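Student: If you want the building blocks of each chain, they are given just below.
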Amino acid sequence: AQRVTQPEKLLSVFKGAPVELKCNYSYSGSPELFWYVQYSRQRLQLLLRHISRESIKGFTADLNKGETSFHLKKPFAQEEDSAMYYCALTLGNQGGKLIFGQGTELSVKP
Amino acid sequence: GAGVSQSPSNKVTEKGKDVELRCDPISGHTALYWYRQSLGQGLEFLIYFQGNSAPDKSGLPSDRFSAERTGGSVSTLTIQRTQQEDSAVYLCASSLVAFTDTQYFGPGTRLTVL
Numbered sequence: 003a004q005r006v007t008q009p010e011k012l013l014s015v016f017k018g019a020p021v022e023l024k025c026n027y028s029y030s031g032s033p034e035l036f037w038y039v040q041y042s043r044q045r046l047q048l049l050l051r052h053i054s055r056e057s058i059k060g061f062t063a064d065l066n067k068g069e070t071s072f073h074l075k076k077p078f079a080q081e082e083d084s085a086m087y088y089c090a091l092t093l094g095n096q097g098g099k100l101i102f103g104q105g106t107e108l109s110v111k112p
Numbered sequence: 136g137a138g139v140s141q142s143p144s145n146k147v148t149e150k151g152k153d154v155e156l157r158c159d160p161i162s163g164h165t166a167l168y169w170y171r172q173s174l175g176q177g178l179e180f181l182i183y184f185q186g187n188s189a190p191d192k193s194g195l196p197s198d199r200f201s202a203e204r205t206g207g208s209v210s211t212l213t214i215q216r217t218q219q220e221d222s223a224v225y226l227c228a229s230s231l232v233a234f235t236d237t238q239y240f241g242p243g244t245r246l247t248v249l
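Top line first, the protein sequences correspond to chains A and B.
Quick note, the first sequence lines up with residues 3 to 112 if you use my numbering.
Quick note, the second sequence lines up with residues 136 to 249 if you use my numbering.
Isolated chain B (complex conformation):
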């Protein structure tokens, strides 16, 4: 079946602009995770959803970052007033349920802030 998909695959934006990144999880997966992969910081957790609720937002770097999930499916990660340090690959993963189920990753969105 279809895996996790993310769009766009690449996004180039100017400093100060807002961006939206989209994640389509595997159908039926109730848990959805956002991670960021950057040269300096490696792979970092940002936020996870169980259904439409986000019990853990502890990894969001600042209040410029927000995420939502609707209908227990698609999730959107929004970055407002982008900064150059936001440049990274943003990865989405989903699992059947949260906790210890295997997470399946999407291909990522490469964000470049000029």
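The shape of chain A in the complex, shown without the other chains:
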């Protein structure tokens, strides 16, 4: 079965420090990978998707098929980045349903 693993429940860094949120997936085919973010008291929203290869709010993520990883990175964390981050995958032949990891809470301290 397809699975997404986010090994860290909580990641705490200081403002200006680099941040990396880890995501590994298990699927032998070619899934599409996403990062979703949920800020406090806001709804879940798309941060970025690997197919678009964009940088959003300074975040980037590279799909590594060999390591089946899709880690989220930002060189200099900001306090406003504090939020819950979810890695997710979808399989094109299954109607687009998202399979989520358990989420990582990022806390950026001043």
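Hints in this document: simulated from the structure, not taken from any laboratory.
Source: prediction; values computed, not measured.
Worth double-checking, as some hints may not be accurate.
As the list claims (entries may be wrong) - So the derived list for chain A, only partly shown, Cβ under 8 angstroms to chain B, looks like this:
id, residue
1, Arg-45
2, Gln-47
3, Leu-48
4, Gly-97
5, Lys-99
6, Gly-105
Using N, Cα and C, we set each Cβ at its ideal position, and we do this for glycine too.
Based on these hints, arrange chain B on the given structure of chain A.
Tutor: Just chain B now, kept in the frame of chain A:
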């Protein structure tokens, strides 16, 4: 424009009662998804609709759960004979079409079963 809306925002019910949760997708979005967010299980897929059809109901936890969509728009998720383990936040999302289009999420309905 208006995003995905869900009602009610909070629902407290007693064990054994039936509940209905409503989702209004973004106008023109043909695909609609239901997910559940709970402490123990994280975010889980429940069911999705393309138009009024539900090609994938694989995530519904039991036959107490059902969903329908009418007119290619509003969807209702019904939970019969609620149990305490049904307590969760139920999220709805919509996308222009199914498969790989971006899904836009609603604010969720927090269900508490006493």
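Student: A separate judgement is required for each hint: does it hold in the structure or not?
Tutor: Evaluation of the provided hints:
Proximity of A:Arg-45 to chain B holds as hinted, the smallest CB-CB distance being about 5 angstroms (cut-off 8 angstroms). Because the beta carbon of A:Gln-47 sits about 7 angstroms from the nearest beta carbon in chain B, less than 8 angstroms, this interface hint is met. With 8 angstroms as the threshold, the beta carbon of A:Leu-48 comes within range of chain B, its nearest partner Cβ sitting at about 5 angstroms, so the hint holds. Given the 8 angstroms rule on beta carbons, the hint for A:Gly-97 holds: about 5 angstroms separates it from the nearest Cβ of chain B.
Using the Cβ-Cβ criterion of 8 angstroms, the hint placing A:Lys-99 at the interface with chain B is satisfied: the shortest such distance is roughly 4 angstroms. A cut of 8 angstroms between beta carbons decides the hint on A:Gly-105: the least distance to chain B is about 6 angstroms, and the hint holds.
In this structure, none of the earlier numbered hints is contradicted; all agree with it.
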